[in-house]
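K.L.:
Each chain, written out:
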Amino acid sequence: AQSVTQLDSQVPVFEEAPVELRCNYSSSVSVYLFWYVQYPNQGLQLLLKYLSGSTLVESINGFEAEFNKSQTSFHLRKPSVHISDTAEYFCAVRLTGGGNKLTFGTGTQLKVEL
Amino acid sequence: DGGITQSPKYLFRKEGQNVTLSCEQNLNHDAMYWYRQDPGQGLRLIYYSQIVNDFQKGDIAEGYSVSREKKESFPLTVTSAQKNPTAFYLCASSIAQGAYTFGSGTRLTVV
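Going line by line, the protein sequences match chains X and L. Counting with the working numbering, you get residues -13 to 100 for the letters of the first sequence. Counting with the working numbering, you get residues 4 to 114 for the letters of the second sequence.
Just chain L, same shape as in the assembly:
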């Protein structure tokens, strides 16, 4: 079955540590996205990529980095510069002008 897989489901980060969230899709979608979800704030766009080897900043890119070396993969790194990283992170993919397909999310907690 085609879909989009995020791992891990739960992730704990220590202060000053970088962590990487995985996002893999086998839907053959060109575009991929990372959103951050906080209670009462909806979804906010971190980064998106319309094609391999290209990506753009979203509304809240500071403290995050991404890469898009393969069509299937769009990992997100939460760096130590992100001062409030505790949140639910959602990855999505789409074809051009199509609806998004979402992964099941990664819940990141700072300990």
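Okay, chain X solo, but in the shape it has when bound:
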């Protein structure tokens, strides 16, 4: 079975500083990888996904993540954060041939401060 580890439960950062949210997964077979963002009292929104091809994927609001197969990681980065990026971020994994079930990490709360 696959699993996801988000090592940091909270990440405080000042506005305009860079940030990295870490995600590691465990699986014996190929996987698809996702990052979702959740604002308070709302559902999750897809931020970006890796299915195949280029290992570097980008979102429309400046986030990027790189799939590293050797390190089984899919860390999320942004070179300069904004107050509006304050939210909880979830990494998720799905087996490429294992149906539609997503397994989520426990989430990382990103708090951007002035």
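Honestly, the hints are just simulated from the structure, not real lab data. Fair warning: there could be bad hints in the mix.
[Stated by the list, open to error] Listed next, the in silico DSS-like pairs over lysine-lysine satisfying Cα-Cα at most 25 Å (straight line): (1) L/Lys73 - X/Lys87; (2) L/Lys74 - X/Lys87; (3) L/Lys86 - L/Lys60; (4) L/Lys60 - L/Lys74; (5) L/Lys60 - X/Lys87; (6) L/Lys17 - L/Lys74.
Keeping the supplied structure of chain X fixed, place chain L upon it in accordance with the hints.
P.N.:
The following block gives chain L in isolation, referenced to the frame of chain X:
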């Protein structure tokens, strides 16, 4: 606009009472899911359905029941057997191998 709608947004349950959470989607997705979210625990899968009239238990199905009589609808019933039902419940849908689309959630509180 296509989307997934959960209702109600807030729900209060008395001890020993069954309650049903609604989830409706007009995205024409085959698969639907129910997750429970608790602080610090991420999302845990309760039930999922890949096709109409079929569903499977997830990791924490005890005390919950579902039905999938229509493609658009996947209601979740929280029964009196669920001893700790206070949580945020999220419904999602997807096409095969696609990313999930989530509803805005229902916050259930036991009073």
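K.L.:
Give a verdict on every hint.
P.N.:
Here is what the structure says about each hint:
For the suggested pair L/Lys73 and X/Lys87, the alpha carbons sit about 20 Å apart, so the restraint of at most 25 Å is met. About 18 Å separates the Cα atoms of L/Lys74 and X/Lys87, which keeps this hinted pair within 25 Å; it holds. For a cut-off of 25 Å, the pair hint linking L/Lys86 to L/Lys60 stands: about 18 Å separates their Cα positions. Restraint check for L/Lys60 and L/Lys74: the C-alpha separation of about 18 Å stays at or below 25 Å, so the hint holds.
Among the hinted pairs, L/Lys60 with X/Lys87 is consistent with the structure: their alpha-carbon atoms are about 11 Å apart, no more than 25 Å. With a CA separation close to 31 Å, the supplied pair L/Lys17 and L/Lys74 exceeds the 25 Å bound.
Hint check: a violation occurs at hint 6 only; the rest are consistent with the structure.
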